[in-house]
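**Q** Spelled out, the chains give:
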Amino acid sequence: MKPQDLLYPLLAALCYSTNPVLVKLGLRISNEPLLGASIGMMASTVVYVAYFCLTGQIRDLFAIPRWVKWYFVLAGLFSTLGVFSFFAALQHIPAAVVAPLTSVAPLVTLTLSHFLLKEMEQITRADVVGTVLIVLGVVLLVS
Amino acid sequence: MFYGEGLALTSAALWGSIPILVRKGLPYASASVAVVVGLLASLPLLVGVFLLHPHAVTEVVAPQAALWFAAVGITGPCLGRLFNYIGIARLGAARATPLINSSPLLTTLLALVFLREQITFKILLGVICMVAGIIVLTRQRAA
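These protein sequence lines map, in sequence, to chains E and V.
Quick note, the first sequence lines up with residues 8 to 150 if you use this note's numbering.
Quick note, the second sequence lines up with residues 71 to 213 if you use this note's numbering.
No wet-lab data here; the hints were simulated from the structure.
Every value quoted in this text rests on a predicted model; they were computed, and no experiment measured them.
Careful: at least some of the hints might be erroneous.
[Said to hold, decoys possible] Pair by pair, the computed Cβ-Cβ distance ranges are: (1) E/Leu123 / V/Leu182: 35 to 43 Å; (2) E/Lys9 / V/Leu152: 16 to 24 Å; (3) E/Leu13 / V/Leu113: 31 to 39 Å; (4) V/Phe184 / E/Arg132: 34 to 42 Å; (5) E/Tyr58 / V/Gln188: 34 to 42 Å; (6) E/Arg132 / V/Thr128: 52 to 60 Å; (7) V/Gln134 / E/Thr62: 27 to 35 Å; (8) V/Leu152 / E/Trp77: 23 to 31 Å.
[Stated by the list, open to error] Which residues of chain E face chain V? A partial, calculated answer using Cβ under 8 Å: (9) Pro10; (10) Ala20; (11) Ala57; (12) Gly63; (13) Asp67.
Virtual Cβ for every residue (Gly too), placed ideally from N, Cα, C.
Build the full structure now, drawing on both the sequences and the hints.
**A** Next comes the structure, spelled out in structure tokens:
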């Protein structure tokens, strides 16, 4: 591992951390969360689809079974509805509260994996400690 | 009361379900295809918002606000995801994930500096608890 490799996860964290702040800055000028979220998602779609086409991946799009596409369609709709909800949350509460509350997502994934994918064979001590800390954090932020 | 917090947790629930849906299809397609299908599937929803909203976008969203909203779409889902993948590829998920998951702490700092949000001791403690919980929970899975 080279020290400069650390830069990439830190840059990812920086990109994610700026999102609530950028939304707030936009909402302070124009308080339209639904339209704001749609503009953000449109920009994201244009950039990502352009990257996808320019890197010659377009053929892969037609090579997948139709039933698989339905899972990705549902994932995309969940993602967009999540963005709508994220923008609407930022209309009401501070960015410093929204950011940690939305970071609960991995806990949701783990819980759903346990019930839907039957992947979590046993609950470890780290699972219990992590979950208690998250719940405590939610209680502190919401109360 | 708790409306904003409920919306933020709804985002977390929606985003937390996405890996479960995507994982079902990933043996048959790349992550990039999954993202593009999801983005394209959301397009009718976004166009619907623009068409059905009682006001035209240009009437209610100032150009500067539109820039902030577009920046959200480009930094988080595009650049954030790109750095995320490179970070995991170079450092391994066990080292990269905890760094990436520390983003709410950075948001707190950015909200303090750029939005002049009041960060109380309770908020700071809540953010630290949640980030620690997410890191404990995801680190062992990534390892």
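**Q** Now, for every hint given, state plainly whether the structure supports it.
**A** Going down the list of hints, with the structure as the test:
no., hint, verdict
1, E/Leu123 / V/Leu182: 35 to 43 Å, "holds (39 Å)"
2, E/Lys9 / V/Leu152: 16 to 24 Å, "holds (19 Å)"
3, E/Leu13 / V/Leu113: 31 to 39 Å, "holds (37 Å)"
4, V/Phe184 / E/Arg132: 34 to 42 Å, "holds (39 Å)"
5, E/Tyr58 / V/Gln188: 34 to 42 Å, "holds (39 Å)"
6, E/Arg132 / V/Thr128: 52 to 60 Å, "holds (56 Å)"
7, V/Gln134 / E/Thr62: 27 to 35 Å, "holds (32 Å)"
8, V/Leu152 / E/Trp77: 23 to 31 Å, "holds (26 Å)"
9, Pro10, "violated (11 Å)"
10, Ala20, "holds (4 Å)"
11, Ala57, "violated (10 Å)"
12, Gly63, "violated (11 Å)"
13, Asp67, "holds (5 Å)"
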